[in-house]
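Asks: Chain order of the listed sequences is A and B.
Quick note on numbering: the first sequence equals residues 1 to 83 in my numbering.
Quick note on numbering: the second sequence equals residues 1001 to 1408 in my numbering.
A hint or two may mislead.
[Said to hold, decoys possible] To give an idea of the interface, some chain A residues facing chain B are shown, with a C-beta separation under 7 Å as derived from the structure:
(1) F25
(2) V28
(3) M64
[What the hints assert, rightly or not] Far from chain A, by Cβ distances over 12 Å, these chain B residues were calculated:
(4) Q1097
(5) R1134
(6) I1289
No lab work stands behind these hints, which were simulated from the structure alone.
Just so you know, even glycine gets a beta-carbon here, dropped at the ideal spot from N, CA and C.
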Amino acid sequence: MMRKHQFAKIDCNCTRRATHLKCVFCGVMEYRSLDEARRMSLGQAECQHADAPQVPPQEKFRAMMGGTLDCLAPDYDTHFKPD
Amino acid sequence: MTQPLRVLVAEDDAVGAALLCGLLVREGHVVIGPAAMGEEAVRLARDERPDAVLMDIWLAGDMNGVEATRAITADFDIPVILVTGATEATDHELMEQVAGSGALGFMSKPVTGDALRMNLRIVSHHTRLHARLRDSEQRYRSIFDNAVVGIYMADPEGRYLVSNRAFAEMLGWSGPGDLVSGVRSMDAQIYEAPSRRQELLARLRAEGTVTGFVSQVYGRDGDLLWVSEHCTAVYDWAGELRHYEGIVIDVTARIEAEQRWRTTLGILRSTIDAMPDHVVLLDLERNVIMANASWVRQMCGPGHPEAAALADMAGQEDGTVMVRCPDCVSEDGGPTPLDRFLREGGLQSGPVRLLPGGEPCVCSVSPYRAPDGTVIGAVLVLRSDGDGCLTASEGPAVRADMAGRRGV
C-alpha cells in the first residue's frame, strides 16, 4: 500500500529566507508552493515512512488516470512553527 | 536657502510690491508680476503656473485677494500666501474669510526676510508632498483602473461607493459611475438570494475578512452570473463597520464546468445503475474504485462483513473509503476469473459463486487502462438470473437506502 508525504511549511536559514516544505514524517524537503504540494504526481508523492498516511485507493486510481495527490498536511501552517 | 521658486506677486501698492520683489530676488527666487488686480493675478496664475503666490488681500479691481486665492487654489492647485496689514483685532470678519480661502500661509505687513523665507520653505515642502501624493495616487489609481478583477467599496446599507472599470463591466454596466449611481440596493439589484449580503456582512463583522464567498448575482441585463468575493471590513474609530472593500472574480465558467461535470457523472452513474448486472471497477489490489447500484445492493446484503463501508463508498464522488472486493469461488474449484486476470491479464470469464450466500453467476473481467495504455485496474461484471434491471431513478434510491443500512 502506497504512503504519501505530508508537507508543512518551514522557514529556511539561507540568505533567501525562503519558505519551503518539509514532510512531517520522513523529513524530505521541497522548494514548492502550497498549490504544488496539493497537486503532486504519484512519483513525487510517495513517502517511505511507515507512519505516513496510506493513499486511499480512489485517490491513487485518479492519480494514475492523470489526477494528482494532495500532500499538504492538515496543520501545514503551524506544524513546524514554535508555539 | 530654499530651492529657487517662481513666485507670483499680487500687490496693488507699488512700494509694497517693490519690497516683496526685492526680498524674493535677494533669496534667489524668480518673480512673476507684480499684479495689481485680483483678476490679473488669476490670469497670470493660469498662464504662468507659478510655484507659489504672494497675495495682498486688498487689491485694485473688483476681485479682492481672498476671492483671487479661492479661484487660484481651486482651479490651479497653486499654494497661496496671503499678505495683509489687517489683524484679528482690527478686522475679525476679514480674518474669518482668510481662514476659509484655501491659503496655505499668512504674513503680516511689513513682511520681513525671515517670515518670507519661512513661508516659502513651507511652500516648498508642501509642493514636494503634494507631488509625491499625486504620484502615489496616479500609481494606485492606475492599478485600480486597469485591474482585471473587480474591485469595489460598499457601505453597510448596500450601496456601492466606489468601483473599478472591471467590476462595472463584469456586471454589464457601462462604467463605474453608472454602477455606483444605478445600484440603489445591492440586496434587490445584485444578489440573487436576498439574504446573501446580510450573510456576508455577518461574517465580516465576526471575522473581519471573508475569502472565497461565492454568490449568484444579477448583471444589469438580468443575466445571472457566479462571483467569488474576497472582502475586508473597514471600521471607524468607534469600532463600527464604516464600509467594506471587495475584490471580485467572475467564476461563472468554473461553476458551470462543475455543474456539467456533475451532470456527466450523474449520467454515468445512472447508466451503470440501470444495468441489471453487478458492475465494479477495481484497482490491481482488489480495492473497489467504483460500483453500480446493483453491485452495492448485492454486496450490502445482510451478513456481509463490509456492508457499512461498501454503502459509504458507493455514495461518494471522491471516495476515500477503502473497500476490498468480496471473494467468490469458481464453480470448477479452480482460480476465479479475477485471479486469472491478476495473474495473466487479458479478458477472463467463467462461472463463479459469490461469498457469502452462494449465488451462482457468470463473471467477466476486462482490463482497465490509464491514458498511457498501462493496465491499472479491471472492470468486473457479474451476471445472474436474479435481479431485474434498475431504472435510472432507482439507482440513487438504492444507494441512499444502502447507505442508511450501516452495520447490517
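Asks: Are the hints correct? Go through all of them and say.
Replies: Evaluation of the provided hints:
{"no.": "1", "hint": "F25", "in the structure": "violated (19 Å)"}
{"no.": "2", "hint": "V28", "in the structure": "violated (24 Å)"}
{"no.": "3", "hint": "M64", "in the structure": "holds (5 Å)"}
{"no.": "4", "hint": "Q1097", "in the structure": "holds (58 Å)"}
{"no.": "5", "hint": "R1134", "in the structure": "holds (35 Å)"}
{"no.": "6", "hint": "I1289", "in the structure": "violated (5 Å)"}
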